[in-house]
Amino acid sequence: MREEGLRIGVCIKQVPDTDSHLRIADSGRGIDDSNLNWVISSCDLCALEEALLLAEAQVSRGAERPELVVFSLGPERVEEALRKALALGVDRALHLVDEALQGGDAIADGRALAAALARERCDLVLTGAQSDDLGQAATPAVIAEVLGCPYAWLVMAVELDSCSRSLRIVRELEGGMNEVLRLELPAVLAIQAGINRPRFASLRGTLQARKKPLRREDCSGLGVDPRLVGTAGAGIETEAVSLPPAGAGGVVIDGASAEAAAELIAHLEREAVL
Amino acid sequence: MPVVWLVEDARGGPGTQEVRACGRALGGNCRVARLDEERVGPYAPGLYAGALRDLIAQGEGEGEDPTAPIVVVLPHTYQSAEYAPRLAVRLGAAYIPSVSAAAVDDGGLRFRRSILQARLRADVRPKTRAVVATVQVGAFGGADPAPSPADVFEVGRPADIEQNQEREILGRQAASAGGVDLASAERIVTAGRGVGGPDEVSVAAELAAALDAELGASRPVVDNGWLPREHQVGSSGHIVAPNLYVALGVSGSIQHVMGMSGSRIIVAINKDPEAPIFSVAHYGIVADLHDVAPALTRLLKARRQSA
Ligand SMILES: Cc1cc2nc3c(=O)[nH]c(=O)nc-3n(C[C@H](O)[C@H](O)[C@H](O)COP(=O)(O)OP(=O)(O)OC[C@H]3O[C@@H](n4cnc5c(N)ncnc54)[C@H](O)[C@@H]3O)c2cc1C
Ligand SMILES: Nc1ncnc2c1ncn2[C@@H]1O[C@H](COP(=O)(O)O)[C@@H](O)[C@H]1O
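Residue numbers (the numbering used here), protein chains in the order written: chain A, 5 to 278; chain B, -17 to 289.
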């Protein structure tokens, strides 16, 4: 066992709020990001909460409190997401911010994040299972591959045993089943929504967050080849984005609610489902 | 023409038809990489990624066009979506997850996938020669039964089996206590995140009662603790096919739709006219559910009293 306590890294992504109105950009290759409300992706809030719970559990067991470090790759606006994580109780933050890091896919971003996580020597890495915007469900797997360590996707419970440096986790399967696994540290866990209920930041936490360390890192600081990250390192290119086709032949009912309700009931009677 | 590897589980399993349909859409020069747990060993992400990498890297240079694209197609199941990105990294391939369509045209390979919680779709192209793609189960266009391609290769144990030690399986358990019979329900009314909060779930519950229906929930409703897990409909909950399915404030994500698209009549009430749920609904009302659902409940109760 190492002398120092454990270090847990949490990767968070800033995404457009699921309720924002989406407009396709003039280029047709993405969304217009000028008027969006940016938030921490929903599963990532659960990953943050799980890290805080693991730290609290270690303390209540009399073990040393692990250090919690939050990582995010993205433009300037991402700093706000990192400050929010600090306000929740994370100890320090790393912002991967560089023109050359922009526009990556899961493989490019996973490489950059893995480089930062390796530098910080994280024993355990927590991420969300799937981002609310690109939904690749792949960045943490790439991180695990680059770090060469065990990985589990869709994690619904975590127990950390710092003495044996091992984890007992519950992973979700299809159709309402779970499996229980044992992994050894270092490991990467992709946390599924529903594992916990994320807390809200307190006023005190928000004030303290201003004084906590937030470091910026670029490609050269990370020691990554700029050709392997960002747009240059991405294996895919988006050619066009579009709206899914509206109502595949379905009947749209209009009118005030009472009329619409009456019309729906008439349709359902004709369909013999009532 | 691309060389297409179709990754199939020896035991069958979900997504086999979609994987084959994707192979056909890509021109059909297909080989099957057959994964048999008996041969490869118990599943672990690094182990399976390594085993497939060995087979696919070996398959190169057998008198094939060395510039022909290589596509590896897997189903987007909870198992293969876990290790497919690791396979992509090992092959130096691009990774394109949960595709719903694929094509070969003048620009090369093109794949379509949903982004932003199915509110938009993106057409993407790989920039590398090799691609690993996973196919959205239950959502790949033209997934009619296709014959299995003739060239079947058995996946063997990878050269580097050290990776096998990466996880130990301790057991399996049900995710919820059970007790809600959604699978055999004739009618289901589902509360989505759009109901707004724990106290507002009653809007859905009252409509369900007026319809003699079971109460369903989308995943965020369960994750937020507004309803217990056993109410959840979708890929990680119940797969249902009632006569009537009423979705209140459900956006229509792929994982939700996978669980209910087999319903005979689907009704969606959502205030967003662009919500993807409307593309699977037979009847749609674009309105605030807090106006329409209580109106429906009132009319249904009155109708029952007069019957
Ligand atoms: C591996 C995995 C497995 C998953 N499994 C499942 C699963 O089994 N089941 C599942 O459901 N999800 C599952 N999900 C989650 C899924 O991706 C979506 O996040 C989820 O289905 C969205 O739920 P929702 O439609 O209720 O919420 P949202 O997507 O937030 O949609 C809410 C909708 O309500 C509408 N609305 C808001 N207010 C009102 C109002 N007053 N009146 C009318 N409409 C209103 C909005 O327009 C919006 O369309 C899974 C995700 C992953 C990654
Ligand atoms: N740019 C990023 N910065 C930090 N973490 C990220 C980033 N992109 C993805 N992640 C992490 O990887 C998870 C899965 O993302 P994705 O592979 O895009 O579905 C997210 O929930 C985050 O935890």
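Bear in mind the hints are in silico, worked out from the structure with no lab data behind them. Hints should not be assumed to be uniformly reliable.
As the list claims (entries may be wrong) - Pulled from the structure, derived: some chain B residues nowhere near chain A, Cβ distances all over 10 angstroms: (1) D18; (2) G23; (3) A66; (4) A100; (5) K109; (6) V134; (7) I151; (8) D205; (9) N225; (10) F260; (11) V274; (12) R280.
Unchecked claim - Quick look at which bits of chain B chain A covers, simulated, 3 or more residues with Cβ under 8 angstroms: (13) -3 to 11; (14) 153 to 164.
Ideal Cβ positions, reconstructed from N, Cα and C, are used throughout, including at glycine.
Evaluated hints:
1. D18: Answer for D18 of chain B: holds, closest chain A Cβ roughly 20 angstroms.
2. G23: Holds, because the least Cβ-Cβ distance between G23 of chain B and chain A comes to about 15 angstroms, which exceeds 10 angstroms.
3. A66: violated, 8 angstroms
4. A100: violated, 7 angstroms
5. K109: violated, 6 angstroms
6. V134: holds, 25 angstroms
7. I151: Answer for I151 of chain B: violated, closest chain A Cβ roughly 6 angstroms.
8. D205: violated, 4 angstroms
9. N225: About 5 angstroms separates N225 of chain B from the closest Cβ of chain A, which leaves it inside 10 angstroms; violated.
10. F260: Label violated. Min Cβ-Cβ 5 angstroms, cutoff 10 angstroms.
11. V274: Violated: least Cβ distance 5 angstroms, not greater than 10 angstroms.
12. R280: Per Cβ check, R280 of chain B is inside 10 angstroms of chain A; nearest 8 angstroms; violated.
13. -3 to 11: violated (count 0)
14. 153 to 164: This one holds; 6 residues, not fewer than the three required, reach chain A with a Cβ under 8 angstroms.
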